[in-house]
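> Listed here are the chains, written in short residue letters.
Number of protein chains: 2
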Amino acid sequence: MLTDILKSALSETGIKAYPRSIMRVIGALKQTGDFWEIVDISDEPLPLVAYILKKFIEKGIVRAKDNELVLTEDLEGEEFHVHRCIECDGRGVVIDDFRKEFETFMELQKNRPPAIRDYDQGYVTHLTTFSRIAVADQKGDLRGKDVIILGDDDLVSIALGLTNLAKRIVVLEIDSRLIDFIKKVSNEYGLDIEAVVYDLQKPIKEDYVSSFDTFFTDPPETIDAFRAFIGRGLVTLRSPRCAGYFGLTRRESSLDKWIKLQEILITEFRVVITDILHNFNVYVNWDYDMRAFELSPVDSKPKTNWYRSSLYRIETLEGFKGYNDEITGDIYVDAESSTT
Amino acid sequence: MLTDILKSALSETGIKAYPRSIMRVIGALKQTGDFWEIVDISDEPLPLVAYILKKFIEKGIVRAKDNELVLTEDLEGEEFHVHRCIECDGRGVVIDDFRKEFETFMELQKNRPPAIRDYDQGYVTHLTTFSRIAVADQKGDLRGKDVIILGDDDLVSIALGLTNLAKRIVVLEIDSRLIDFIKKVSNEYGLDIEAVVYDLQKPIKEDYVSSFDTFFTDPPETIDAFRAFIGRGLVTLRSPRCAGYFGLTRRESSLDKWIKLQEILITEFRVVITDILHNFNVYVNWDYDMRAFELSPVDSKPKTNWYRSSLYRIETLEGFKGYNDEITGDIYVDAESSTT
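In order, the protein sequences belong to chains X and L. Heads up: the first sequence begins at 1 in the working numbering, then just goes up one per residue. Heads up: the second sequence begins at 1 in the working numbering, then just goes up one per residue.
What the hints contain is simulated information worked out from the structure, not anything from laboratory work. The reader is advised that the hints may include incorrect statements.
No distinction is drawn between identical chains; accordingly, a pair holds when it is met within one copy or between any pair of copies.
Each computed PhoX-like pair below joins lysine-lysine, with the alpha-carbon atoms no more than 20 Å apart [to be verified]: (1) Lys-321 with Lys-16; (2) Lys-30 with Lys-139; (3) Lys-260 with Lys-301; (4) Lys-30 with Lys-54; (5) Lys-183 with Lys-167; (6) Lys-16 with Lys-54; (7) Lys-321 with Lys-205; (8) Lys-59 with Lys-30; (9) Lys-110 with Lys-100; (10) Lys-30 with Lys-55; (11) Lys-260 with Lys-321.
If we strip away everything but chain X, and leave its shape as in the complex, we get (with noise of 0.2 Å):
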C-alpha cells in the first residue's frame, strides 16, 4: 500500500526511501504528534519525513489536527526505546573537570551575536561545545597542541581557550561580528585567540596550511561543501596522526549520503574515521525562517531540541592529502537541505 511513497518519493524529493525510512517515520509518529520530533526521532531526512508525512495525510493515514499528527491506522512500525545515560546524555564523556570554565562560559556568551542565516548558522548547547573538548582532550589532541577552529558560530574556540589547554588555538571566520566578539572575549580573559575574518571559499593561505595537530569545523552538508570545508581542515594539519573533529546530520543527510562522504574520507583523502558519536551534537533552535518551515506538513515551530548530529572524529595517515581549491558558485544546498 505504502509501495507507491517509495517509488515517488526519489523523484518528488530527490531522496531515495527505503521501507525503513517510512516504518521509523509510523514508529515516531506512535510516540509524538510533534513534526520536529518525528523528524528527530525517525533520523530520516526532514525533506523525505515531510514528504512522507504529507503522503500519509493524503492517504488519510494521518490527520493534521492543531498542528498535531496524529496515526489514525495501527500500522506496524519501528520500536524505539530509549536507554541513553541521563548523567552524559548519552555522548559517554562528563565535563567535571571544566566545570569552573564551563559557568564561565554560561556567563560570557549572553552577550554573543545571534545565529543568522546569511552564514548558515545555528549553534550547539553550551554542554555540547564542552562536551567536545572533553572528548578531544580524553584522545590527546588538544594539551600542547595547535588547534585550529575552521567556523565557530559554537564559540569551540572560547570554550578551549577558557581550559587553558592548547598551545595555540586559531580562529578562521567568516562573521566579522563572531571575529569581534572572539577578540574582545579573548582579550578580556587573557585566553591568547587568534581570530581572523575569513572566508572559507578562499584557499588556506601558506600562513595556516601544514601547521595544526586538530582541526574542528561543522561543515555545510552537501557533498562539494563537506569536501571543501573537511578538505580544508585537513590542509592545515601538519602531519599524519593528527586528528579532524566534525558534525555530520541524518536531518540534512540521507545515509546514501554519509556513505559518499565516508568514501570521500577513506579513498580520497586518506584518512581514517576512528569515532562516529550519534546525537552528541544538539543544537539549540534557532530563529530565523528557514527551508523547514515550509517542507513542514503543519504550521509549528520546534518547540523542543530536535537538529542533533553526529560527531566525528578522524585522524590522518600516511599519504593522507585535504582539498584547497578555489570555491565558486552555491555548493551550499541540495535536495536534502532544509536549514538554508
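Fit chain L to the known structure of chain X by using the hints.
Only chain L this time, still in chain X's reference frame:
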C-alpha cells in the same frame, strides 16, 4: 633520537610506527608502569608497544624493575586525561530497563564453558553484552526483528533471549560446548534460541541467506578474516537498511589496518558506518597462553581489564553485498595479532 625506532619498527614488527605512536607510549608510561595498561592507554597495537618499550629499555630510557616499567628521563609525551562518564562507563547507554534480565544472566552464565585458545575466544563483561542490547534496541534493530549471531562466546543470544525483544534468534557457532550451553539455557528459560554448530569458514547455508534484519559478530582482526566474517554477516541480511554490529580493537589493529577495513565496508560491501563507539567492549581477562605474553617486555600478567574494542554499527544500503566464499588456510594471524 627516537627516529631509529620509527625506521626499524616496520621491518622488525611489520607495523608502521608514527612519531605519535611513540609519544603515546611515553604518555602512557607517565601514568602507569604496567605493560598491559600502557597498551590500553596508548591505543597502539600491542606488538608495536612491546617493540617500542623493548627499544626504550635498550636505550636506557625505560627501566624494568619488578616487572614495572619506569621512565628514567622526562621525555615529552602525549597527555591523557579521562573524562569518561562513570554512570555508563563511557558507552552512552544504561541497562536499567534490563536490570532483571541482567541479574538472571549474571547467575546463569556462571556455568558457561571457559574461553579456549582453539577458537580465538575471549569474552566481554556482562555489562558490555547488555549495553550492546541497549544500543541496538535504541537503534530499532531488535524489537520484532530477526537476529543472527555469528560466533557467540559473549552469549549475546542468551542476553537477547532473556529480554524477549527479538522475533527470532539464531546462533551459528563452531564450539559445540557453547552451543550445548546456549541450548540448555534456552530450554530452561524458554528463550527459543536456534543454536547450531557451524564452522564459519564454510559459506553460509541457503537457510540463513537473506533471512535476518540484524547481525552481531566479533571477527578475528586480519583483513581476510574481517572480510569473511562481516561478509557472511551481510549475506544473512535480507534487504537494504538492515544493521550489523561488530567489534574492532586498537590492540590488534593499527589505524592503517582500520582504514583498509573501512574501505572494504564502504567500497566493497557498500554499507555505511553509522556508529563507532570507542572502548565500548571490555573483555574479561582470559587464561590461556598467547602471543601477547611472549611479546611483553616484562613477565607480568594483566591485573586489570586492558583488552577493549570499538563497537561498530553498519547499515546496508541499496546494492550492498556480502562475501560467502569458502575460506581455506590460516587467515587468523597477521603481524598485529597478539591474542592467538
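> Does each hint fit the structure? Answer for all of them.
Verification of the hints:
no. : hint                 : verdict
1   : Lys-321 with Lys-16  : between (31 Å within a copy, 19 Å between copies)
2   : Lys-30 with Lys-139  : between (39 Å within a copy, 16 Å between copies)
3   : Lys-260 with Lys-301 : neither (32 Å within a copy, 44 Å between copies)
4   : Lys-30 with Lys-54   : within (16 Å within a copy, 60 Å between copies)
5   : Lys-183 with Lys-167 : within (17 Å within a copy, 58 Å between copies)
6   : Lys-16 with Lys-54   : within (16 Å within a copy, 54 Å between copies)
7   : Lys-321 with Lys-205 : within (16 Å within a copy, 43 Å between copies)
8   : Lys-59 with Lys-30   : within (17 Å within a copy, 65 Å between copies)
9   : Lys-110 with Lys-100 : within (16 Å within a copy, 46 Å between copies)
10  : Lys-30 with Lys-55   : within (17 Å within a copy, 61 Å between copies)
11  : Lys-260 with Lys-321 : both (17 Å within a copy, 17 Å between copies)
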